[in-house]
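Going down the list, the sequences are from chains A and B. So in my numbering, the last one in the first sequence is 949, and the numbering has no gaps at all. So in my numbering, the last one in the second sequence is 121, and the numbering has no gaps at all.
Fair warning: there could be bad hints in the mix.
To be verified - Below are the SDA-like pairs computed for lysine to any residue, each with C-alpha atoms no more than 25 Å apart in a straight line:
id : chain 1 : residue 1 : chain 2 : residue 2
1  : A       : K844      : B       : P102
2  : B       : K66       : A       : R903
3  : B       : K49       : A       : E894
4  : B       : K49       : A       : G888
5  : B       : K64       : A       : D932
6  : B       : K49       : A       : Q846
7  : A       : K844      : A       : E907
8  : B       : K64       : B       : T29
9  : B       : K49       : A       : P942
10 : B       : K65       : A       : K844
11 : A       : K844      : B       : W45
12 : A       : K844      : B       : E52
13 : B       : K76       : B       : S31
14 : B       : K76       : B       : K49
15 : B       : K66       : A       : I930
16 : B       : K66       : A       : Q920
17 : B       : K66       : A       : D932
18 : B       : K65       : B       : L118
19 : B       : K49       : A       : S919
20 : B       : K64       : A       : K844
21 : B       : K49       : A       : I930
22 : B       : K49       : A       : E907
These are computed hints drawn from the structure, not numbers from a lab.
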Amino acid sequence: NAGVTQTPKFQVLKTGQSMTLQCAQDMNHEYMSWYRQDPGMGLRLIHYSVGAGITDQGEVPNGYNVSRSTTEDFPLRLLSAAPSQTSVYFCASRIRDRGRNEQFFGPGTRLTVL
Amino acid sequence: ILNVEQSPQSLHVQEGDSTNFTCSFPSSNFYALHWYRWETAKSPEALFVMTLNGDEKKKGRISATLNTKEGYSYLYIKGSQPEDSATYLCAFMSPEAAGNKLTFGGGTRVLVKP
Numbered sequence: 836n837a838g839v840t841q842t843p844k845f846q847v848l849k850t851g852q853s854m855t856l857q858c859a860q861d862m863n864h865e866y867m868s869w870y871r872q873d874p875g876m877g878l879r880l881i882h883y884s885v886g887a888g889i890t891d892q893g894e895v896p897n898g899y900n901v902s903r904s905t906t907e908d909f910p911l912r913l914l915s916a917a918p919s920q921t922s923v924y925f926c927a928s929r930i931r932d933r934g935r936n937e938q939f940f941g942p943g944t945r946l947t948v949l
Numbered sequence: 008i009l010n011v012e013q014s015p016q017s018l019h020v021q022e023g024d025s026t027n028f029t030c031s032f033p034s035s036n037f038y039a040l041h042w043y044r045w046e047t048a049k050s051p052e053a054l055f056v057m058t059l060n061g062d063e064k065k066k067g068r069i070s071a072t073l074n075t076k077e078g079y080s081y082l083y084i085k086g087s088q089p090e091d092s093a094t095y096l097c098a099f100m101s102p103e104a105a106g107n108k109l110t111f112g113g114g115t116r117v118l119v120k121p
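Next comes chain A alone, as it looks inside the complex (with noise of 0.2 Å):
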């Protein structure tokens, strides 16, 4: 298994651009979520997903979308980038059971927004 898979690793955009961070995993698992990381903030949860076709928002959606079409991918968009989204964003999967299981992530997507 390839386990949670990201892509670009590394990204630089300009202010008002817009882009698509792939994410993709092959444990079927039911749940995906989106994270950010800054720094002294730990990681904060953008969008989250518990099947395909539905999808939620976190504590931090404004200025991204998504969207589950299959099981195992779950894109994040940046519709118009700005600098306070420069970030490293995380991508995880869990089976969805009451938190029983581990979640697992992905290796992050390290964004700069000019």
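Use these hints to put chain B onto chain A, whose structure you have.
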């Protein structure tokens, strides 16, 4: 908004010394408490998933205890080694968590000095 707090935020440990730190969470309702180890430039990896009051888990020199009635978990590192340097995250899930979301604490950053 669930309040999950970790203390201290950071600590320095001399190689060979033992240390411990705390994760506090709401005691009113409980599903699960996770611990993750997060090395610099890598993604978080699960250490323990704890679900029952009084749970004690161990992996090598690292162990954790859980008290759901008073709302805290301790992580212990025995005989710290430089490779234990990392940020340790706890994450909490309650029955009220929509979509079975995990709420992460801010982390305890551990630096083991040779």
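Going through the hints against the structure:
Taken as a hint, the A:K844 and B:P102 pair is broken in the structure, with Cα atoms around 35 Å apart against an allowance of 25 Å. Annotation: proposed proximity of B:K66 to A:R903 is violated, straight-line Cα distance about 35 Å (limit 25 Å). Distance hint between B:K49 and A:E894 is fulfilled; the C-alpha atoms sit about 23 Å from each other, no more than 25 Å. The hinted pair formed by B:K49 and A:G888 fails the criterion: a straight-line CA distance of about 30 Å is larger than 25 Å.
Using a Cα cut-off of 25 Å, the hinted pair B:K64 and A:D932 holds, with the two alpha carbons roughly 20 Å apart. A C-alpha spacing of about 17 Å is found between B:K49 and A:Q846, which places the hinted pair at or below 25 Å, so the restraint holds. The hinted pair formed by A:K844 and A:E907 meets the criterion: a straight-line CA distance of about 19 Å does not exceed 25 Å. Between B:K64 and B:T29 the alpha-carbon distance is near 15 Å, which keeps this suggested pair within the 25 Å criterion.
Between B:K49 and A:P942 the alpha-carbon distance is near 6 Å, which keeps this suggested pair within the 25 Å criterion. Between B:K65 and A:K844 the alpha-carbon distance is near 33 Å, which puts this suggested pair outside the 25 Å criterion. With a C-alpha separation of about 17 Å, the suggested pair A:K844 and B:W45 falls inside the 25 Å cut-off, and the hint holds. Among the hinted pairs, A:K844 with B:E52 is consistent with the structure: their alpha-carbon atoms are about 18 Å apart, no more than 25 Å.
Annotation: proposed proximity of B:K76 to B:S31 holds, straight-line Cα distance about 11 Å (limit 25 Å). Using a Cα cut-off of 25 Å, the hinted pair B:K76 and B:K49 is violated, with the two alpha carbons roughly 34 Å apart. Between B:K66 and A:I930 the alpha-carbon distance is near 22 Å, which keeps this suggested pair within the 25 Å criterion. With a CA separation close to 36 Å, the supplied pair B:K66 and A:Q920 exceeds the 25 Å bound.
Distance hint between B:K66 and A:D932 is fulfilled; the C-alpha atoms sit about 23 Å from each other, no more than 25 Å. Restraint check for B:K65 and B:L118: the C-alpha separation of about 21 Å stays at or below 25 Å, so the hint holds. Annotation: proposed proximity of B:K49 to A:S919 holds, straight-line Cα distance about 22 Å (limit 25 Å). Simply put, B:K64 and A:K844 have alpha-carbon atoms about 34 Å apart, too far for the 25 Å limit, and the pair is violated.
Under the criterion of a C-alpha separation no larger than 25 Å, the hint pairing B:K49 with A:I930 is consistent with the structure, at around 22 Å. The suggested pairing of B:K49 with A:E907 holds, with an alpha-carbon distance near 22 Å, which does not exceed 25 Å.
The structure does not agree with the numbered hints 1, 2, 4, 10, 14, 16, 20 stated previously, though it agrees with the rest.
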